[in-house]
Structures are given as structure tokens and as C-alpha cells.
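Asker: Spelled out from the first residue to the last, the chains are:
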Amino acid sequence: MSITRRRAIASGAAAIATTAFPLSATGAAAPHRRYNMASANGQKMIERYAEAVRVMLKRDPTDPFNWYRYTLIHTLDCPHGNWWFLPWHRAYTGYFEQICRVVLKDDSFTLPYWDWTAVQEVPAVMFKDVLTPTASEFIESYDKFADAYGPILDSWFAKMSDDQRGQLGIRCYREYQDVLYDIEHGPMFFPRPKARGLTPQNPKFDGYTTFSTSLPKLLDALSPRDFMTFGSLPTRFHSSLTGFGVLEAFPHNKVHNCVGGIVYNDDGSVKSVGDGFMQSNMSPVDPIFFMHHSNIDRVWDLWTRKQQGYGYPTLPPSDLLTQWRSEKLLFFTDAQGTNLPHTAGEFETIGNFAYDYEPASGEEIVPKKPGVKQNVKPKLQTFPALIADANLNAPNGASAKVALATPPADTPLFATITLDLPPHSHAEGFKVLVNGDGNGNPGSPGFAEMFTMFGNHAMTHPIKLVVPISRPLGATLSKAGTQTISVVQAGAQSANLMAMPGMTQAAPVAKVLSVEVSSD
Amino acid sequence: MHAGLRLAFAAAVLLAAVEAQAVELTLARKPAAHEEVWLEVAVGALPRGAVVRIDRPDGQLIETISPFAVRAGERAGTYRVALPQALAAKGNVEVELTVLGNGPPHHPTSEEVESVRLIYVPVTR
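So the protein sequences, as listed, match chains F and H.
Positions 1 to 520 (my numbering) are the ones given, in order, by the first sequence.
Positions 1 to 125 (my numbering) are the ones given, in order, by the second sequence.
Here chain H stands alone, though its shape is the one from the complex (with noise of 0.2 Å):
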């Protein structure tokens, strides 16, 4: 199988975990200089209030996703976070995500994160 296939399986087979359990992704290649990876969220429709928690797999928070100016029942949309790139040394990203406010904490619903993926973001630091 082609390498850029194999990836696309693993994305696929590993976004499909996100409403059991943790996220797992493989990075396509490794960061060039200055850049970094990062991690795009598609958040879909969530109650007022609601919010979407990342974490490490020790528990330590990353980010929180906070909709604003939302109208009632409709997505969220797309949000890019910063990851610490220690997360990213060993090829893959591990994190946790959560959703507040919505019930519950639980692990986010297909309609309530829709897809999860890494970018790589050229920076200065």
C-alpha cells in the first residue's frame, strides 16, 4: 500500500476513536525548521456555555475551545491549537478531549467534534 494511503487509514481509523477514548494521530513527516504541529478541531453544534477541554494524557490541559457569537444550533466551526512539541517528538500526538457544559463531562460526540487532525504551522519563537 502507498505510504500517503496508509496514513490517510491511520487518520481515519484513529478519528474514529475520538468519541470512546483518546486521540492518537501520526504525524505525515517531521516538522521543518521553524515550523510547528499543531492541531485543528472541527467543533460542531454545542449548547450555550459549552465548552470542548484538550488535555495531555497526564491530565495536563492544553487548551479549552470556548464558542463565541454562535447562534443557537448551528457548528462552531474550526479552531487551530498550539501544542506543546514535546507531545510531538515521537512521531505521534496523544491527547484527551472532553466536552463541558454539555451534561456531564464526557468524551466528545461525533456531532459535537466533528474531526481532528494535525497541521503544521510554520512560527517564529
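For reference, chain F alone in the conformation it holds in the complex (with noise of 0.2 Å):
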């Protein structure tokens, strides 16, 4: 039996007759409803993921709803550190989900979730049965693993579109071998003694993972304005690993590593570096990895209902928003078992998955009228940029692109820009320009500033300059749209930054790392 998306919502909607759902982000009663694990509906769905995951393990390699087949779409595909961590775990989390529906032909399942600020330790419940990668169900070995899905992975391969492969080719994964050497050497597979670093001896997390799911660190995570510090920083591509976000770098990156056996004392001493899946790319063999993530997701769904609430963007800037949206994610498998290309912005809202979340911890942060702002609406006065090209030593310099979403009126304007530059780059200049198209001199279109190094420190680490956009060219950047900033060597690439005498490896290369405006 196959289950479409237009039945799993017709039957839920059925449902809304009988039981009062509230609001989700989308404004509109979810016909679904995830629990959290530690209530009773909750420990319900939860013997209802057994059978599931039971189910799963017992299919063919061969089947798209088997296990290690979906795990291998995340070791695949997975984005950290940039800013579709969130919508791509919610398609994989949500896929899921569906395909859970089809293999216990039950239209009513839904995902729990591990409120880990609530419960600061391994439930109880996912020690037993095959909730647990210990389970004699789940394989026993790298060995026995590869001769399974070796061939599986083979196959995808060889069927793979040319945009697949240029995804998978960030990652270098130009062939199945690829994938498998990482698995076994990243290390991403553990042998099933090993396959979860907590036990039920010890199931509690150590200090600075309780630390990182805190309330007080919850509440933190949930506490920015805008979608790249909640929820990670830009990027070009999604398996590029840049910048985190604070619900990722804290308490996700937490549990995924205490879970998988990296646990460290009080003191800060390292108690183990063990084993354990969820510290790998491999993370979804262990069937937490799913409670975790639905957190995860609920985490987002109440910091968008709160910035609904407030009046403030859900989503990145709109500069950026067709960048971010058009990224294709193209390895999913939906509740067909079909593997059809999607883009992010189809997972910017829950959508057709068409679920909404029993209230847990951090609740509070979303305002009990929504539409009531803040007494003192506050406009943004950072505005991040996104490097075009950071090598200074490219023919036009480094650039950046920025957008003022609010352009502040008649404020000083800074750039602040962070340069990593080689050793003894003593005596260089740089320019910054403003749109400049020009020799990028003093009182020549765009020139705002030059900034030259002073004295004799070894440059061991990237520096941070801020640097004043004085009028008119604040009254430029701030028009609508985007506006580039320059920074260019002054001069001919000099002695300082070119190798020197007896170097044989190539030049050291000078890069703008960020560049970031704002307003005073």
C-alpha cells in the first residue's frame, strides 16, 4: 500500500472535526500533530516508530524505504554550517515521516520529538528493542555493511544526473569508493557494541551538553532577529561546511556528539572519544537521530512563530532570498519511493507536510497576541555581506555584495571587514570602494578608505577593520539593491605578499574573509 500526500492530509482533516488543534506558523490548523516523547501521546507514537524502524531494518537494500538506504541520503547529501541546515533536515525529517505512514499503513503517525531541555538524558525507552543500534537487527559491522551497500551506492552513481554528481563533487565524492572510504575511515560506521556512545548505565548528558540544551541556551538560540544567526550563515553551495548558526553550534552539534560517545568531565578532561553513530554523517542509523531532529524542527517552527508574532522576517534577506530559496536539494526520497529534485523554499514552512507541534520547552517565547511588536521596533543596523570573490590578489580585488534591507537614514555608515592576510604583509595598503569602478584614489568615484598595516606583528590570525563610509557613498550603499564593496591591493602585488626568496610553494594568497555594514 502507498499512501499520497492528498490522502495523509484529507484523513487528517477528518480529525479537525473532533479535536481543537492550534495554530501552526502557517496560520492554518495542522492536521497532524508531533508529540513530544515524554507525553503520553507521545510514548504512544514512539511504540508506533518501534514497528516502524522494525520494518524499515527488514527491507531489501533494494527497497527505498529500507533503513541504511535512508541513511545513506544524509551521509550523502546533509548540509552543516550554512544556512539550509534547517529546510533540508525538515524535508529528510519529513519525508520520513510519510514514508513511516506507508510502511505501517497507518495515516496517523507522526514523528515524536526529544524535548532535550526538558529530558537532558537518553529516554529511557530508546535503549529498548531496535530503538537502540545495539539491536541485533541493525548491522554488526563496516564489513558486512559495505558488501550490502556497496553495490546500492554503485547504482545511484552510475544513475546520477550531472547536477547530482556536481553537488556530490563538493564533497569529493566523484565515485561510490568515495563514500564508502569515508565511512569507514571518517570513521562514520560503528560496529553495533559500539553503535551509541550512551548507555543505559549512563544515559544522562555530560556538563556541557546539559549546559548547551539548557533552558537558558534554548531560549538564546531562539533570541535572534534574523535567519542566519538563528539558523547559520550564507553559503554558495549547501555541502560547503561555513558558518554556524546558535541552534546548530550548540545544542544540536551537543547532542549529536555526547549521543555518539564524545563525553567529556566537568573539568573539561576528555572522559571518552568513543563510538557511536550519532556523531557521523551515518547519524540517522541510530533511530534518536530522528526525536533529536524533530526537535530541531520544532525549535524553528516556534522562533518563526515568534518572529511572526513580532512583526520581524522568517526568512534570509531579500536580497539573498532567491539564492537561498533556488538551492536544489535533489537526493530526497518521498513517500513514493521516488527521488524527484526539489528546491529549499519548498520547506521554508511546513507546508504540505502539514504538522504542527505540542507545545514543550521555549514556548514562552512566542508572543501571546500575535501582530503585538515590541514597544521599540529597532531597525537593523548590521548588515552582513556576502563575499563575491575574497581573493585580494583577483584582477578587480576582493568584493563583497550587501544590501541594506532598511536603509537607515542619514546615519554614519562602517564597513567592518576581516582580512586574513600572509606574514609580513608589513607595508601593504588596501582600498575600499564603494561600487568602484574607477583607479580607486582618493576623491575618485567609490574610494572610502585605505587601511595599511603598522609595525611588525607576524599576522598569525585574520584582522578586523572598520572602516567609515563617509557621505555621499553612505547615501549610495544605502539606495535599494545590492552594492558591492571592494578591497584592493594598493598597488602591484608587492614583495611582502608574494613568496619569498627560496620559497618553492605558490604565493601566500591575501583574502577578505566577511565583510559586514552598519549603521551607528
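It cannot be assumed that every hint is accurate.
Going by beta-carbon spacing under 10 Å, a handful of chain H positions derived as facing chain F [what the hints assert, rightly or not]:
(1) Glu35
(2) Ala50
(3) Pro67
(4) Val70
(5) Ala72
(6) Ala76
(7) Leu87
(8) Asn92
(9) Gly101
(10) Ile119
If you're looking for bench data, these hints aren't it; they were derived computationally from the structure.
Here a beta-carbon is modelled for each residue, glycine too, at the ideal position from N, C-alpha and C.
Got two chains here, separate frames each, mind docking them using the hints?
Answerer: Here it is as C-alpha cells:
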């Protein structure tokens, strides 16, 4: 039997007639509710979930609903440390939930979530039956995994589109053997007895994980008003890892690593850098992965409702939104067992997955009267720029694109630029230009400032420049649309930035790491 | 010297202090209303299981950075860390960074922590 999304929604709609559901972030009543696994409904769903895991573990490796096949989608394609972290994992858990309904033949199933702020240990039920990857139903060794799934990966690579191969190329996955090598040597696969780090005898988080999942830290994670600080930083590709928002960086990573066996003593000494799937890109082998990521998605929904309540944006700024929305997500298997191309924008809301969440930790941050804004609506005063070309040795220097979402009226502007310079860049000059295409000298169009190093500090760290943008350049920058800030090395490439005599390696490259515009 | 450049030099000198001792960063300006000062830490390559611990000067834990899903030998990326705002009340922020799980606990090398800076984050609380 298979189930269509239309059927799932229709069956849920019948339930609405008898049950009052709160509004989700979309403003519509959701036909499905995801429950806290600690609640009575959540415990029932965990029992159903165990049945689904058992069925999927038994499916043949060639079956699209096989447990390890679904894990491998994460291994190949998961984004971390970038702004597609949240929508990708919403899709991954959303399709998984629909697949569970199919294998259970139960349209009412929903994925429970693990509120690790309230329960700061692996819940006891997750050590039972097939809810722990140490159960006998899981594959016992890497060799047996490779024997069964190497051919599956091989067949995937043989049928991949150019777009899919291009995305995997960013991860240096040219052929299936590259993936197997990473799984074995990462390591990503852990033998059955070591499949999870925390144990029934020692289920509690270590002190650091307890700290990062505590309510004050969850409220920290929910506090940003911009999508990127909350949900991780922009990159060009979802296969690149560069920058973490606070939700991904701390509670997300810590829970993965601690459950996966990376545990510290309270005094800071390492208790164990042990084994466990949850620490790796094969983490969905551990059934607790989906409870963890259901909670991450709940926190995103919570943040979204908070933003809506205050009238703040819920997505990346408008000048970057098209790029964010149009990122291709090409590896998902849906509830029909098919692989169709998607884009990130399809998952910016819960949308057709049609669920909401039983309230839990952090709910207090949502304004009780939606639409009521804070007494003082502050203007955004910092505007991150997207680096277009980081290389200062490029013909036109390094450049970054920035748009002031709400151009401040008549206020001084500053560009904060982080430079990564080679050692001994003492006498170099770096000109900062705003939409500058002239010669970049003082008085010429677009010239803002020139920075020169001072003294003889060895450049072992990136440095930050705060460059004032004087009028009328500031007015130029405040115009609607994307503007360009460039950093150009003064004069021709000088000896200081070239290879020193006798060096055989390539000349060190000076780079712009970040640009940010602030109004004062 | 221009104020902006003075700040830049201060930041450069203080960043260089990461390897040896506590980090002291100067605020470019006071945070605006509904805005907080946070830390942004660029973390380089760390071995599996290693973390970067961030403390107040009195040793009280602020947060630990625990990289996930990073391939061996690759940079661990940039992390935004919420700070107790009392730390920024005097116009500068002092924090201490320690690397755990990569040999004995030690102050980060420039390969382990590439940069530390302050950022202004608009918030709702």
C-alpha cells in the first residue's frame, strides 16, 4: 500500500472535526501533530515508531524504504554549517515521517520529538528493542555494511544526473568508493556494540551538553531576529561547511556528539572520545536521530512563530532570498519511493507536511497576542555582506555584495572587514571601494578609505578593519538593491605578498573573510 | 589616526593574543536597543572529539564549541556564541578560550582558532 500526500491531508482533515488544534506557523490548523515523546501521546507514537524502524530494517537494500538506504541520503547530501541546514532536515524528517506512515499502513502516525531541554539524557525507551542501534537487527560491522550497500551506492552513482554529481563533487565524492572510504575511515560506521556512546547505565548528558541544551541557552538560540544568526550562515552551496547559527552550533552539535560517545568530564578533561553513529554523517542509523531532529524542527517552528508575532522576517533577507530558495536538493526519497528534484524554498514552511507541535520548552518566547510588536521596534543596524570574490590578488581585488534591507536614514555607516593576510604584510595598503570602478584613489568615485599595516606583527590571525563610509558614498550604499564593497591591494602585487626568496610553494594568498555594514 | 583604524589595530593586536592568553575585544560601539553583543569564533581543523571551551575571566563557562560532521583535517567553521551581556557592559569583552580533547587542555593555536570577533545581533527576549 502506498499513501499519497493528498490522502494524508484528507485523513487529517477528518480529525479536525473532533479535535481542536492550535495554529501552526502557517496560521492554519495542522491535520497532524508531532508529540513530545515524554507525553502520553508521544509514548504511543514511540511504540509505533519502533514498529516502523523494525519494518525498515527488514526491507531489502534495494527497497527505497530500507533503513540504511534512507540513512545514506543524509550521508551523501546533508548540509551542516550553512543556511540550508534547517530546510534540508525539515524535508528529510518530513519525508521520513510519511514513509513511516506507509510502512505502518497508519495515516495517523507522527514523528515524536525529544525535548532535550526538559529531558537531558537519552530517554529510557530509546534503549529498548530496535530503538537502539546496538540491537541485533542492525548491521554488526562495516564489512557487512559495505558488502550489502556498496552495490547500492554503485547503482546510485551510475544513474546520477550531472547536477547530482556536481553537488557530490563539492564533497569530493566522485564515485561510490569515495563514499565508502569516508564511511570506513571517517569513521562514520561503528560496530554494533559501539553503535551508541551513551548507555542504559550512563544515559545522561555530560556537563557541557547539559549546559548547551538548558532553557537559558535554548532562549539564547531563539533570541536572534535574523534567520542566519538563528539558522546558520550563507554559503554558495549546501555541501559547503562554513558558519553556524547558534541553534545548530550548540544544542544540535552537542546532542549529536554526546549521544555519539564524545563525552567530557566536568573539569574539562576528556572522558571518552568514543564511538557511536550519532557523532557522524551516518547518524540516522541511530533511531534517536529523528527524535532529535524533530525537536530541532520544532525549535525552528517556535522561532518562526516568535518572529511572526513580533512582525519580524522569518527567512533570509530579500536580496539573498532567491539564492536561498533556489538551492537544489536532489537526493530525497519521498513517500512514493521516488527521487525527485526539490528546492530549499519548498521547505521554508511546514507546508504540505501538514503538522504542528505539541508545546514544550521555549514556548514562552512566542508573543501571546500575535501581531503585537515590541514597544520599540529597533531598526536592524548590521548588514552582512556575501563575499563574491575573497581573493585580494584577483584582477579587481576582493569584493562583497551587501544590501541594506532597511536603509538607515542619514546615519553614519561603517564597513567591518575581516582580512586574512600572509605573514609579514607590513607595508601593504588595502583600498576599500563602494561600487568603485575607477582608479580607486582618494577623490575618485567609490573611494572610501585605505588601510595600511603598522609595525612588525606577524600575521597569525585574521584582522578586522572598521572603515567609515563617508557621504555621499553612504547614500550610495543605502540605495535599494545590492551594492558592492571591494578591497583592492594598493599598487601591483608587492614583494611582501609574494613568495619569499627560496620559497618553492605558491605565493601566499591574501583574502577577505567577511564584510559587514553597520549603521551607528 | 582615524577612530575606525584605531579599532582595527586594537582588534588585530588583541586577536594575536589568543594563542597566549585571554582574549580581550573592544566594542566598536554600544549595542543598540534590542541588540546584543555576541562572539563569532572561526575554528580551524580539530581532531575528532576536540572542543573549544569559552569561559568568563572568572572561569565560569559561557559555551563550548563541539564540531559535528566535519571531515578529518577540514576547518570546523564559524560559530556564533551568545554572551552574557554583563560581560560587555564596560565597552570591552574578555573571554578565555581553551582547546580540550587535543592533548592536554591548552590555549588555542592559530590553526585551532583562527579568529575571534564581536558581532551585534538584533534579538527579541
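Asker: Checking hints one by one. Is Val70(H) an interface residue toward chain F, by the C-beta closer than 10 Å rule?
Answerer: holds (6 Å)
Asker: Is the shortest C-beta separation between Pro67(H) and chain F less than 10 Å?
Answerer: The hint holds - Pro67(H) has a Cβ within 10 Å of chain F, the shortest such distance being about 7 Å.
Asker: Hey, does the Ala50(H) contact hint survive, CB to chain F under 10 Å?
Answerer: holds (8 Å)
Asker: Is the hint on Leu87(H) kept, meaning its closest Cβ partner in chain F is under 10 Å away?
Answerer: violated (13 Å)
Asker: Would you settle whether the hint for Ala76(H) is holds or violated, based on the nearest Cβ-Cβ distance to chain F being less than 10 Å?
Answerer: holds (8 Å)
Asker: Given Ile119(H) as an interface hint, is the shortest Cβ-Cβ distance to chain F below 10 Å?
Answerer: holds (7 Å)
Asker: Go through the hint on Asn92(H) and say holds or violated, using the shortest Cβ distance to chain F against 10 Å.
Answerer: Status violated, d = 14 Å.
Asker: Is the shortest C-beta separation between Glu35(H) and chain F less than 10 Å?
Answerer: Interface hint status for Glu35(H): holds (7 Å vs cutoff 10 Å).
Asker: Verify the interface restraint on Gly101(H): the C-beta must sit less than 10 Å from at least one C-beta of chain F.
Answerer: holds (5 Å)
Asker: Can Ala72(H) be said to touch chain F, with a Cβ gap under 10 Å?
Answerer: The hint holds - Ala72(H) has a Cβ within 10 Å of chain F, the shortest such distance being about 7 Å.
Consistency note: the structure conflicts with the earlier hints numbered 7 and 8.
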